[in-house]
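Enquirer: Read off the chains here:
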Amino acid sequence: MNAIYDVVIIGGGMSGMMAAITLAEKGKKVAVISKGDPVCCFSTGCIDVLADGDDPLEGIGSLPDNHPYHLVGENAIAHSLELFKNIMFEGGMPYVGDAHINRKVLTSLGRCKITCLVPETMEFSDCDPDEYIHVISFYKMKDFYPQYITSRYPNAGYSVFDPGVITTPGIAEKFENKTFLEEFISWLGGLDIPEGKIALPAVLGRSLAGKVYHEISAGCGRKVFEIPTLPPSMPGLRLFGGLKKALLRRGVNLYWGRGIYSVEKLGNRIEAVTLDSAGRTTRVEGKAFILATGSFISGGLYASMDTVNETVFDLPAFLPGARETWFNDDFFASGHEIEKAGIRVDPSFRSVDAEIENLYVCGSILAFSEVMKYRCGHGMAIATGVAAANACGGLV
Amino acid sequence: MAFDFQHCIRCTVCVANCPVFKVNPVFPGPKQSGPDAERFRSNDEASIDRWVRLCSQCKRCDVACPYGVNPAEIILKEQARYGEGHFKPLAYRLFANNYWLGALGSIIAPVVNLLTPRTFVKRVLNIFGISTAIPFPQYRFHSMNRSWRWKGRRKSRKKVVFFYGCFINYNRPDIGRGVRDLLASLGVRVVIPRQVCCGLPALGNGDMKTARKFARKNGRILAGYIDKGYDVIYTCTSCGLSLTQDYPGILKVPDGKKISENTYNLHEYILKLMEEEYIKPAFEPLHRKVAYHIPCHLRALGIGYPAARLFEKIPGLEVHILEDNCCGLAGSYGFKRKNEETSARLGADAARAIKATNPDILVSDCGACKMQLGHFSGIPALDPSEILRESLKKGPKDSRSQGVE
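Which chain is which? The protein sequence lines are B and D, in order. Those letters in the first sequence? Residues 21 to 416, by my numbering. Those letters in the second sequence? Residues 4 to 408, by my numbering.
Mixed in with the good hints there might be a few duds.
Short derived list, chain D residues pointing at chain B, Cβ under 10 Å [as the list claims (entries may be wrong)]:
#: 1; residue: 230
#: 2; residue: 246
#: 3; residue: 271
#: 4; residue: 322
Just so you know, the hints here were simulated from the structure itself, not pulled from any lab data. Computed from a predicted structure; not experimentally measured. Every residue, glycine too, gets a C-beta built ideally from N, C-alpha and C.
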């Protein structure tokens, strides 16, 4: 089956979805192809822009010259983050925060993570060590132990509620049920807790999280916040769900769950890609293509023993050196050289090593992004996604 | 293929996408019943994973998995293995042979339709493990296999075989006849040969032998037509998935690959005709607000949402695409008593999402989705082809096509 689109985006993660929304808002006919659900589903749902310093945007100035953030520019980054906030607000899952201010989010290990934009359910997550935090845990819930938090916050306490199920998706589903929610709120009201905030693992529903959160806050009359958990991470799934809904509302066509089978090239243009559908292949034709397949974990890049390949178009990928130099001896040290691997692009987000005029690249597949080192994953995905969409939108 | 489960990195995206896991704490989820347990399974040992039967085979995990593990495939295989070695309750045996039930129901349609809503009949069905929580579909005597078997010019360049599936055949033949007429009006020669159940209900109820028997029979018929230059068209997305994925795959139909390569979703086929400029349909405006519930098996086909792309071409039609919920009925799954609660909770969730868009009608390709969601939302449920026919001024004249209620 042929399909003619203005822009075909390969990769349904943060970057690809933001690019799709940007283009659809310009009235372009857009398709998004994704092999499966993206890595942002496992994330905390928080948008890290740059974890260094108090002002992430200011910190961008001190990044190495070849970092992809420099291709976007400070103003455009701030604009794309604003666009992201508007989209999530429209989807009923508002984000709070300012692109110029880094904030802290309490994690389930009792440490703080530095981030920039957070879902409204984590608005009050920045905790003073002197403040009293009361953690609500769930009976036998997997991978959430309030003792981690109380051991680091001597001023914190906890209570345990039995929801009848032990998994994150199971508890989240229960919270969307009105009777359960009322029962929980009345249990919470019956507790004798000192003055302070109430913290819960992030299980307050899936699509209705905002409503559940406000009802609990109003019910107990205190500041409440969610603590991100290990996957399945509800805030990550809500983030993905919110963006996907925004795509559908804007008439973007989705091709989900199948990888790219082959690519049709004519001269220095990509004409079409073919999907590996059930039984037969499905051909998707576009005037321009955006590659947003992510880095190693998402399968956009593949490392063999001595080289790194780009998996869809076989674009030449930048390699930081011979394999011996890829890794630091200390596994947990920040900044392994291999993180620099990826596709090098020019200011219009086209590969500098391959002459393809209608292929744009964005997200963590970009060379020198070093997402783990700078802790800029979602922020970089949003900023480069919007920027690549703007670069290609003018031409189709 | 056999070692795909080793690619699982335990990211739990499948678990987060599993509708059954969300509402039934007894089901350990696709990760544990699929790739995790697969490590301990051996063909030399009997299957002991009783809970694989709780999987509804919606395939949402297959679609979500970014590493190509396909947990539902692994579970399906184990369901068949478990079915071979264990006693199958009556409900499983009956639903595996859904085709024969339908045939009987159709012959004595007035009697069946009169009996199924009765309390005492419901009690008897309940004793046999069959749920009566949602009304049984009405059976029609004038089924597809008793309808006119061809339409359209014999010399058309485009020739198709219509694979209608059991639900359209016995319960909603009006949709099937509509599809036949729609295709003929677009200059396509339609032939409707004798055919049996696609085999999916048997497969889903752990009866591999019956599934293969059905599939081989269809395989012979369809391959014969394909050799004569026909394409195969389906509207039921579950039949479609079975024809394209299971025939060459788990069911090992001799001509499976050929069938799979020449089988099209109705809307995909109409788009293909439009792109080849074989037809230039003039869509009339329709001023309606539609909630389009995407069936899980349409997602699993990996062809995008072709009916939604056709809806875009209808002026005035406001479409909300809903693809995050499984209706929970999953063919015969929700008609089993032990799955009744799971099915009802999922149905209520999906209906809530539909009602939130405040639609005039709801549309879905899948017969089970239409039945379940029509019941839980109280909104008339239509087939996408009915919307197309309306816009192309080709019906629906049949009064029965106003929802399933």
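Enquirer: Work down the list of hints and note, for each, if the structure agrees.
Expert: We went through each hint and held it up to the structure:
Taking 10 Å as the C-beta cut-off, the interface hint given for residue 230 of chain D is violated, the closest approach to chain B being about 17 Å. This hint holds: residue 246 of chain D has a C-beta 7 Å from the nearest C-beta of chain B, less than the 10 Å allowed. Interface restraint check for residue 271 of chain D: the shortest CB-CB distance to chain B comes to about 5 Å, inside 10 Å, so the restraint holds. Satisfaction of the interface hint for residue 322 of chain D is found here, the shortest Cβ-Cβ separation to chain B being roughly 9 Å, below the 10 Å cut-off.
Hint 1 alone, counting from the list given before, is not met by this structure.
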